[in-house]
Each structure stands twice: as structure tokens, then as C-alpha cells.
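**Q** Sequence:
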Amino acid sequence: MLQKSFPTYEQLLLPLPIWNPKAWYYGLMNLSLKTIGKLSQGIQIGFQYGFDSGVMLEYVYKNQPSGTTPLGTLIDWFYLNSQGWRGIRSRSQLMKTTLRKVLQSYQQQNIPCHLLDVACGGGRYDLEVLQEFEQELGNNAIAATLRDYKLENVTKARQLATQFGVTAQIEQADAFNDEDLDRVMPRPNLVIVSGLHEILPNDALIKNHFQQLYRILDTTGTLIFTIQPQHPQLEMIARTLPAHTGLPWVMRVRSWELIRQWADAAGFENFQVQMESNGIFGVVTAEKHR
Numbered sequence: 001m002l003q004k005s006f007p008t009y010e011q012l013l014l015p016l017p018i019w020n021p022k023a024w025y026y027g028l029m030n031l032s033l034k035t036i037g038k039l040s041q042g043i044q045i046g047f048q049y050g051f052d053s054g055v056m057l058e059y060v061y062k063n064q065p066s067g068t069t070p071l072g073t074l075i076d077w078f079y080l081n082s083q084g085w086r087g088i089r090s091r092s093q094l095m096k097t098t099l100r101k102v103l104q105s106y107q108q109q110n111i112p113c114h115l116l117d118v119a120c121g122g123g124r125y126d127l128e129v130l131q132e133f134e135q136e137l138g139n140n141a142i143a144a145t146l147r148d149y150k151l152e153n154v155t156k157a158r159q160l161a162t163q164f165g166v167t168a169q170i171e172q173a174d175a176f177n178d179e180d181l182d183r184v185m186p187r188p189n190l191v192i193v194s195g196l197h198e199i200l201p202n203d204a205l206i207k208n209h210f211q212q213l214y215r216i217l218d219t220t221g222t223l224i225f226t227i228q229p230q231h232p233q234l235e236m237i238a239r240t241l242p243a244h245t246g247l248p249w250v251m252r253v254r255s256w257e258l259i260r261q262w263a264d265a266a267g268f269e270n271f272q273v274q275m276e277s278n279g280i281f282g283v284v285t286a287e288k289h290r
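FYI, the numbering used here numbers position 30 of the sequence shown as 30, with every residue one higher than the one before it.
These aren't lab readings, by the way, just hints derived from the structure by calculation.
Using N, Cα and C, we set each Cβ at its ideal position, and we do this for glycine too.
Mixed in with the good hints there might be a few duds.
[Claimed, not checked] Below, in silico cross-link-like pairs of lysine to aspartate or glutamate (DMTMM-like), each with a Cα-Cα straight-line distance of 25 Å or less:
no., residue 1, residue 2
1, K38, E10
2, K207, D218
3, K22, E10
4, K101, D218
5, K38, E58
6, K207, D178
7, K207, D182
[Unchecked claim] Quick list of simulated restraints, FRET-style, between CB atoms:
no., residue 1, residue 2, range
8, V253, D182, 37 to 43 Å
9, T155, T219, 21 to 27 Å
10, H289, R183, 41 to 47 Å
11, I18, K101, 29 to 35 Å
12, A265, N20, 23 to 29 Å
13, R158, V253, 28 to 34 Å
14, D174, K22, 17 to 23 Å
15, Q64, R158, 20 to 26 Å
16, S32, T219, 36 to 42 Å
17, L31, Q108, 52 to 58 Å
18, T219, D264, 15 to 21 Å
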């Protein structure tokens with residue numbers, strides 16, 4: 001069976017020629033999204049904050065269709081149930097399952113857990129799991145630091161932490177800035193990177209990030225991160241939806257083999273990969289033992 005080929009990142013950066021039928025198709029789709037589509041609450045959020053933003057992801061995680069008029073709510077239902085957003089929710093469940101297992105392992109070994117999420121967005125997946133452990137073990141069971149560079153995400157995470165009754169240090173910081181990373185105290189032995197690498201096209205930045213994360217992890221520690229080897233809606237997204245930058249949301253998909261090379265070169269080992277059912281998103285754990 002022939003594997004379906006997808007446009008490359010470089011191809012998606014180029015506008016389609018006016019004579020290409022796809023240019024008309026995506027032009028009409030973009031027009032419909034910006035007009036009748038905005039009856040959908042989710043599509044409104046996407047155009048305001050970016051379809052790859054933490055605000056958008058928080059809305060997708062909640063998965064409660066809403067809109068202006070019953071038609072808007074119906075459009076929102078179809079929007080929230082697109083293949084990509086279903087995959088995102090599956091990734092969130094995989095992330096929470098993986099995080100629970102790591103925290104339980106630390107607990108069983110009587111290892112104090114110092115958790116750092118370098119780009120938490122609204123922080124829902126972290127806070128839901130932390131809530132479970134705090135209810136069982138008490139408020140000081142896990143020292144958690146949740147960070148994001150967007151103030152609206154930090155604000156949302158703080159609101160959720162209060163709502164869930166979770167104790168966590170929630171602050172604004174840059175996931176790629178060495179000075180910001182070095183400020184984390186105590187030194188983390190569990191680092192989470194969820195949904196960050198997938199929205200950034202700069203390969204050198206991501207490759208170097210694995211080295212940064214290895215450096216700040218305690219002598220023995222675990223890294224949990226996400227991958228996106230493919231996406232069936234790649235071209236539609238690039239031609240019609242804006243990212244948080246205001247530019248078209250052009251994604252650079254990366255194979256697990258490439259990501260593993262980068263993580264392995266940084267010093268990580270003992271990789272465990274779990275993919276959601278459509279094979280779009282995955283959650284990986286890796287360890288540091290040096």
C-alpha cells in the first residue's frame with residue numbers, strides 16, 4: 001500500500017498560484033470561517049488568540065460546544081470533533097496517564113518529586129493529576145512549577161489551580177531561555193514539554209532544547225514530551241488558520257526517528273512511546289541517569 005504523501009513545510013509556506021483550484025477552495029473556506037464560522041465560540045477563540053494557542057487548547061480540552069445561535073453551537077460541535085482536536089484530547093489523556101505512572105513510581109520509591117512543566121498552557125492536564133495526588137497525599141506531596149510565556153495562559157492556570165485546590169508555583173517564563181530555566185528551584189527531577197515542539201518550525205531550537213532540558217534535570221530524572229509525526233489536516237490548517245503569531249499556522253511535522261536522534265544525542269535513554277489511535281500525536285518518556 002502506498003503511503004499518502006503530505007506537502008512539506010517549505011511547500012506550505014508558499015502561496016498557491018491563483019490558477020490552482022486549491023487556492024479557490026481554501027480561499028472560500030477561509031471566507032466561510034471568518035464569516036458564518038465565527039458563530040462558533042471555538043472558531044472565534046482561534047481567530048482572536050491563534051488556533052495553536054493555550055487558550056484554544058483549553059477550550060478543546062473542555063469540549064463543550066458553544067456559539068451564537070443554535071447554528072453556531074452546531075458548527076462548534078463539528079469543529080471540536082475534527083480529527084485533529086479529537087487527537088489532541090486523546091494526547092491529553094495519554095499525558096495524564098503517563099504523568100500518573102511516573103508520579104506513582106516516584107511515590108513507591110520514596111523519591112520526592114520536583115515537577116517542572118516548561119510550557120503548560122492552561123495547565124489543565126497537570127492540575128487534574130496533581131489534584132488526585134494532593135487529595136490522597138496532602139498539599140506538599142509534589143513540588144510543582146508550571147510555566148508559560150503567555151500571560152493569559154499563566155492567568156488561566158492560576159484560576160484552574162484555585163478551582164481545583166492545587167498548590168503549585170505558576171509563573172511566566174520562556175521555555176528556551178537558559179536564565180529562566182536555571183531559576184527553577186529545587187532542581188526538577190521530572191520535566192514536561194507538551195505540545196510545544198510541534199508548533200515551532202525551527203529544528204535547531206528544538207534540537208538544542210533537549211540539551212537544555214537534560215542540563216537542568218537533576219542527576220536522575222524523567223522527561224515527558226509529546227511528538228507529532230504526521231497530521232492529515234496539514235494543508236487545510238496552513239491555508240486557512242492563523243497561529244498565535246498572527247501568521248498562517250504552518251506546522252513542521254517531525255518523525256519519531258528524528259526526535260529520538262536529538263534526545264539521544266542530548267543524553268536521554270530508556271525511551272517509551274505511546275501513540276493515540278490515529279497516530280497523529282504521541283507521548284514519550286525518557287530518562288537521565290548521569
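**Q** The structure should be examined with respect to each hint, and the outcome stated for every one.
**A** Outcome of the hint check:
1. K38 x E10: 29 Å, violated
2. K207 x D218: With Cα atoms ~20 Å apart, K207 and D218 stay inside 25 Å; holds.
3. K22 x E10: This hinted pair holds, its Cα atoms lying about 17 Å apart.
4. K101 x D218: 19 Å, holds
5. K38 x E58: 18 Å, holds
6. K207 x D178: Status holds; Cα separation ~14 Å.
7. K207 x D182: 19 Å, holds
8. V253 x D182: 37 to 43 Å: The hint (37 to 43 Å, Cβ to Cβ) is violated, given that V253 and D182 are roughly 31 Å apart.
9. T155 x T219: 21 to 27 Å: With Cβ atoms ~34 Å apart, the hint is violated.
10. H289 x R183: 41 to 47 Å: Taking Cβ atoms as reference, H289 and R183 lie about 25 Å apart, which means the hint is violated.
11. I18 x K101: 29 to 35 Å: At roughly 52 Å between Cβ atoms, K101 and I18 fall outside 29 to 35 Å, so the hint is violated.
12. A265 x N20: 23 to 29 Å: 40 Å, violated
13. R158 x V253: 28 to 34 Å: 33 Å, holds
14. D174 x K22: 17 to 23 Å: 37 Å, violated
15. Q64 x R158: 20 to 26 Å: 21 Å Cβ-Cβ, so the 20 to 26 Å window holds.
16. S32 x T219: 36 to 42 Å: Violated: the Cβ-Cβ distance is about 55 Å, outside 36 to 42 Å.
17. L31 x Q108: 52 to 58 Å: 56 Å, holds
18. T219 x D264: 15 to 21 Å: 19 Å, holds
Comparing the model with each earlier hint shows violations of hints 1, 8, 9, 10, 11, 12, 14 and 16; every other hint is respected.
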